[in-house]
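2 protein chains.
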Amino acid sequence: MNELLSGLGKAAALAKYELQKLTADEKNRALQAAAEALVREKSLILDENARDVAEGEAKGMSVGLLDRLRLTEERIEGMAEGLKQVAELCDPVGEVLERFERPNGLCIEKRRVPMGVIGIIYESRPNVTADAFGLCFKSGNAVILKGGSDALRSNIAITDVIRCSLKESGITGDAIQIIPATDRAVTLEFMRLKEYVDLLIPRGGAGLIRSVVENSTIPVIETGTGNCHIYVDESASLAMAIPIIINAKTQRVGVCNACESLLVHEKIRERLLPELAKSLKEHCVEIRGDERVRQVIDCIPATEEDYATEYLDYIIAMKTVSSADEAIAHINRYGTRHSEAIITENKENAEKFLNEVDAACVYVNASTRFTDGFEFGFGAEIGISTQKLHARGPMGLKELTSYKYLVRGNGQFRE
Amino acid sequence: MNELLSGLGKAAALAKYELQKLTADEKNRALQAAAEALVREKSLILDENARDVAEGEAKGMSVGLLDRLRLTEERIEGMAEGLKQVAELCDPVGEVLERFERPNGLCIEKRRVPMGVIGIIYESRPNVTADAFGLCFKSGNAVILKGGSDALRSNIAITDVIRCSLKESGITGDAIQIIPATDRAVTLEFMRLKEYVDLLIPRGGAGLIRSVVENSTIPVIETGTGNCHIYVDESASLAMAIPIIINAKTQRVGVCNACESLLVHEKIRERLLPELAKSLKEHCVEIRGDERVRQVIDCIPATEEDYATEYLDYIIAMKTVSSADEAIAHINRYGTRHSEAIITENKENAEKFLNEVDAACVYVNASTRFTDGFEFGFGAEIGISTQKLHARGPMGLKELTSYKYLVRGNGQFRE
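Chains H and F, in that order, are what the protein sequence lines are. When you line the first sequence up against our numbering, it's residues 593 to 1007, in that order. When you line the second sequence up against our numbering, it's residues 593 to 1007, in that order.
Simulated from the structure, these hints should not be mistaken for lab results. From a predicted model like this one, the values you see are computed outputs, not experimental measurements. Among these hints, one or two may not hold up.
Which copy is meant is left open, so a pair is good if it fits within one copy or across any two.
To be verified - Within a straight-line C-alpha distance of at most 27 Å, the following computed BS3-like cross-link-like pairs (lysine-lysine) qualify:
(1) Lys702 with Lys990
(2) Lys859 with Lys870
(3) Lys944 with Lys759
(4) Lys613 with Lys990
(5) Lys676 with Lys990
(6) Lys613 with Lys944
(7) Lys944 with Lys702
(8) Lys602 with Lys759
Sequences are here, hints too, so could you generate the full structure?
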């Protein structure tokens, strides 16, 4: 095994025992101190970030990627603010989830405990370094980070500042470690560091997530891909439908909870589509529709591929359906189990949609954009899970914990 | 993709939508009917099993494996009884886990739902076919089974009887499907049937489990490996310690919750070990001890390898420690996160052990053999999870479910 990785793994596996014993107060004080340290040491972080940005420019990195990479005083203050917010959240560790006694007198307590060591693999934005640390630390976990190669200097600088601050708080710096290497072989080996890492979370594009799912032997939580639909039922209120669709499609097009496909009941298409198309056009959204959509509005023909595509762009696919059942079947075929919405005044169809659509979050008369840890009131978010094992939808602090059974007896053995 | 597997996957993915809509009553009646069908069709099952057994004998299969493979009228009645017991358990599907309202008026309900499609890969015993079906079906899931090649005819016969019975109950037979092939390539491909299967559970030896963890792209729950310890603290009651150790070591040596290593506080070794060694000897258990153990009793020297070994045999490793801390550190180093016990009259050490040992089930003054779905009162068990993601320890019906968020609004969109 790669010595670098096994060294990081061993250090994290030791740190986790120290972290699981910390009280909420100790963790909160350390988070506050780390937040202050980030602001105090911002010139150091900005200097390292400037070197990353200069290298990115020299390599011809796109303006969009450079913007994601670039830190400013304001962005560093945002990271610090994030850590302070996490300090204010309830500590999930130690919660008694169940307690019961067996006929033989055994008292069984199911208690929430940290996961242990969490690995996070992410792409450009260096602020994830601080955000991920905050959530993992507050939930009692050690974290090993593997950031994007373009942001390596920035990530190391942020990690160093937090490690120093933790030590000043009397806590092991190994609560946060970053892999100081960028080659793919190391990333692949990290995905197999099962001896030391309890959970691996990829944060990034579809390619990164696929690679982690394919290669990891560590349990993974798959996040992010969202081919989200809105279905406008026959009985929908247009005054409700149009603002929701515009919001879900255009408020931020590059996010996983944005709407990618619209399903329209055939009996409402003539009332809905002309006004909707006008509004979408004003927001520069390209429409790709099926034949029955194109009978009502002028747009590009949609293909099967369109229905399967997460555009993350100013494009929307539209398809006409004859019933809520047809809409549900389409979503269950093409959706990615992320967020799906129905707009309807028909209670029966609303309940049918809620029950039968297979997705993390299913909405009636609201925008899919609400699938988010902050919007759900979790106070923070490490990602949106699109798998069914362990956690589904927005993942906050609780979703970074496991549990154990504590069994108290007085001499019981099995008959 | 293998056409056989994609056909099974598609059928299961369709069946899951039908199964998730079934009421508890409908499922219970179908389970009762399937139980009766197994008994009614037992001669068919016994005939097919006899062919498997004959082939096993011809291949020179060991007496132990032949015994696990062989079905009898009694064992078929046991399988039927198992299905009836599952029918009597509470249906976990539909339980509202949380319900909260956001300041913007969105009502969010977190509801327990089936996992969808569960894959199970298991070894010799054909009764797993019926047991696994019962638990998956009651929790609203379709199941695809891959049994051991030696039991293929038996497994197909059991599956066919259940499928026919389901159809007579008006339910899709595709609730249970078995892969009618035994070659390794098909098994490997099954582990990558991610498009259709939501969860894969391996049940069997360490080699099978390792292969699934290495190769699966489907989320896995790792089950079974148990290098379990009992630590006898300085203050332990010998009257409690000895029966617990004898039980944990000898009641059934081949199970994952049996005790493999004993840790003894140095100050109790002279009182404990002679009597314990005598009793272990009466149960034909071989002792392998460290130097300080061998100063008190006559036994084979223990090596580092002994401490890391899950014997599943009439062998126990013994090591002397100077404190509860040393015992905890040893367990956290060599344990497999399954079941660990302390025998003590010292409350402080008991709580320290409960808090600091990293395992699914941690015991004070009781045998590790209680780590079991029936003993925990879950009424059934699909396996013992030794990972931290999703489920830990005994897994019953609830552990075969996921959840989804149902969000009801009245026109909300994101600001």
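Legend entry - Numbers of the earlier hints that this structure fails to satisfy, in rising order: none
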